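Undergrad: Below are the chains, spelled out letter by letter.
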Amino acid sequence: MAGVAREFPDLTGEAGEVMTDQGKISAVALDRVSKRYGDVEAVCDLTLQAEPGELLVLLGPSGCGKSTVLRLIAGLESPSEGTVRIGTQVVNDVDPKDRDVAMVFQSYALYPHLSVRRNIEFPLRSRHFPSNERGELVLRVAKSLQIEHLLDRKPAQLSGGQRQRVALARAVVRRPAVFLLDEPLSNLDAQLRIEMRAELVEMHARLRTTSIYVTHDQTEAITMGHRIAVMHDGRLQQVGTPRAVYEQPANAFVAGFVGNPPMNILPAHITSGTANSGGAAGVVSANFLGGEIALGAEHSVALRGFSSDEVLAGVRAEHLSPDPEGTIHATVSLVEELGDYQQLACRLGTGQLVTARARSGAGTFATGDAIALAVVGEVHLFDPVTSQRIGS
Amino acid sequence: MKADPSVTARPRTRRAVSVTFRYVLLGIMAVIIGFPIYITVVNSLLSAPQIAARPPTLFPLHPMWGSFATAFNQAHLGIYLRNSMIVTVLIMVAELLTSILAGYAFACVRFPFRRTIFMLCIATLMVPMEATIVPNRQTIVELGWFNSFPALIVPFLASGVGIFLFRQAFLGVPRDLHDAARLDGYGHFRFLTRIAVPLNRPLIGAFALYAFLSAWNQYLWPLIVTETNGVRTVQIGLRQLQALNVDQTNVIFAGTLLAALPIFVLLLIFQRQLVRGLTAGALKG
Chain A
1 MAGVAREFPD
11 LTGEAGEVMT
21 DQGKISAVAL
31 DRVSKRYGDV
41 EAVCDLTLQA
51 EPGELLVLLG
61 PSGCGKSTVL
71 RLIAGLESPS
81 EGTVRIGTQV
91 VNDVDPKDRD
101 VAMVFQSYAL
111 YPHLSVRRNI
121 EFPLRSRHFP
131 SNERGELVLR
141 VAKSLQIEHL
151 LDRKPAQLSG
161 GQRQRVALAR
171 AVVRRPAVFL
181 LDEPLSNLDA
191 QLRIEMRAEL
201 VEMHARLRTT
211 SIYVTHDQTE
221 AITMGHRIAV
231 MHDGRLQQVG
241 TPRAVYEQPA
251 NAFVAGFVGN
261 PPMNILPAHI
271 TSGTANSGGA
281 AGVVSANFLG
291 GEIALGAEHS
301 VALRGFSSDE
311 VLAGVRAEHL
321 SPDPEGTIHA
331 TVSLVEELGD
341 YQQLACRLGT
351 GQLVTARARS
361 GAGTFATGDA
371 IALAVVGEVH
381 LFDPVTSQRI
391 GS
Chain B
1 MKADPSVTAR
11 PRTRRAVSVT
21 FRYVLLGIMA
31 VIIGFPIYIT
41 VVNSLLSAPQ
51 IAARPPTLFP
61 LHPMWGSFAT
71 AFNQAHLGIY
81 LRNSMIVTVL
91 IMVAELLTSI
101 LAGYAFACVR
111 FPFRRTIFML
121 CIATLMVPME
131 ATIVPNRQTI
141 VELGWFNSFP
151 ALIVPFLASG
161 VGIFLFRQAF
171 LGVPRDLHDA
181 ARLDGYGHFR
191 FLTRIAVPLN
201 RPLIGAFALY
211 AFLSAWNQYL
221 WPLIVTETNG
231 VRTVQIGLRQ
241 LQALNVDQTN
251 VIFAGTLLAA
261 LPIFVLLLIF
271 QRQLVRGLTA
281 GALKG
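Sequence order for the protein chains is A and B.
First residue of the first sequence: 1, per the numbering used here; consecutive thereafter.
First residue of the second sequence: 1, per the numbering used here; consecutive thereafter.
Excised from the complex, chain A in its bound form (with noise of 0.2 Å):
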């Protein structure tokens, strides 16, 4: 797993606001909310609340409406249903400006025909800020983000990642009680976007204020966020720290879009140990991938309620494994060499393609070996028909 899950500041208040040193930190609340435009209904029944303080990350591939939450907090959308509230107000009929919300966004929205100095000082201008006040702020935000010597250029003039910083700034400034970021790494390069990430990070850690971080790159959602909100078509899938989307996914669409590479997801089939397969109770066994593999005892009990034999099995590429004694027969299509392992890409003799990983150590392989392989950790199940998971 790439990322763990961090610890962020026990700030809730029982009014869902908590004022710091840096200002007021509020908390947000999405309950039963929906969106629609005519037929197409962009967010579903969505309830889900980002603690104070806390950053929270949207995660989902592109058109499944996270972007669209990120626009109903701010105000710029207003929901077909349901309710949001900031702190302990419920905004949905409050102006944008008055809901206390700053947005990064994609492109960076900066006003192209005026000086980075005064791109970060608009919110500040706008909210009729001194001109004393608002120079000293500018230049204090300017500072931390090391765009200083930058203040009398105009936007056209900077590179991505200075754009990025002057955004940010811009959304800084003014301290406001929410930060909504969308994907707004996505227009940078790969180094460029590993270096802001941990600034991002930084930043939050620092100003401690409730982020709500939009993005497709699961990467950048196991690394940054405290807890991961996973959407698909407009509906929330999972909602859990890193580690438990990671490791215990709510269905087969998390367990394939979490994790890099994504889960291998295969059709096995319960051959004893249930109600209907027979067997010695506590002892499950499947066919997976062509091969007899052991489940843990756990899915004894999940399975006891489950009416078919046939399920969704996952398996991380960690946990499949070359093993000369392995019942899952394979010819290696590529190798990558990462490091301390090999990640292979499998074709089996169905034709599917799966990924499994070797340690170091554990031989050389190359594109066109037939191998084994060896189930060597958990083995998720997921229905069929529903695509939820069995068990815990």
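I should point out that these hints are in silico values taken from the structure, not numbers from a laboratory.
Any given hint might turn out to be false.
Simulated coverage check for chain B against chain A, where a stretch passes if three residues somewhere in it have a Cβ under 8 Å from a Cβ of chain A [stated by the list, open to error]:
(1) 68-74
(2) 169-177
(3) 192-200
Everything numeric in this text was worked out from a predicted model, so none of it was measured.
Backbone N, C-alpha and C define an ideal beta-carbon position, used for all residues, glycine too.
Got chain A sorted already, so can you dock chain B onto it with the hints?
TA: For chain B alone, kept in the frame of chain A given last:
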């Protein structure tokens, strides 16, 4: 390894030939466009017999500036120029205002029948002026505006071309900019004046010039809705100058130059804006 000099020399020569050819072509075109203007200037500084003489005089050795004074005073060009300036400036400002406001509304404000109303605006571009000139004149007469400045100005306060151009320009302003401004409390009017208009300054310059030229060069409409010198515009004045001074062609040439002078000045001032406005779409990164 040394580069073969002939390999690098060949493209360089080809480029030089291509550049030379382009400049020669541009030079010829400049002469074709500039020659009538030059001849007008020369003829305005000659006497009428000198203009009629053959071969024509191309360099006035003894320029006679009196023709300008004659045109200005005798043919009332001064009054006509003043009238034209009033009418043109008012039309230009009004067209800019209405085009910007309507263009923004069609691009960024949601209201019922927005598309239909916009199509109606565009449809006005399809109707030639000749088709509407008689009913429009009738309306002006019925309103009691015949032979007055409102008759010259009011029918041109809005422009279909302008509305279309500004709508397209405002559609090009990214939605994120609008959203960012909304979060900072900017409504439509403040967004328009502080963000959308400054972003489209080249277009505004180009359209202002276009509106000025169109209004300044109007001839037919002012001719049919005015009848006294007090409200007539310079293009009609020029025509009268021609009729009154058939034997003094130098005065006609001088009058033509005087009538064109404001346009030259404006072109010189807004040259950069105009070029930028015309090429904005092509060059936007």
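Undergrad: Hint by hint, note whether the structure agrees.
TA: Hint-by-hint comparison with the structure:
| no. | hint | in the structure |
| --- | --- | --- |
| 1 | 68-74 | violated (count 0) |
| 2 | 169-177 | holds (count 3) |
| 3 | 192-200 | holds (count 3) |
Violated hint: 1 only; the structure is consistent with all others.
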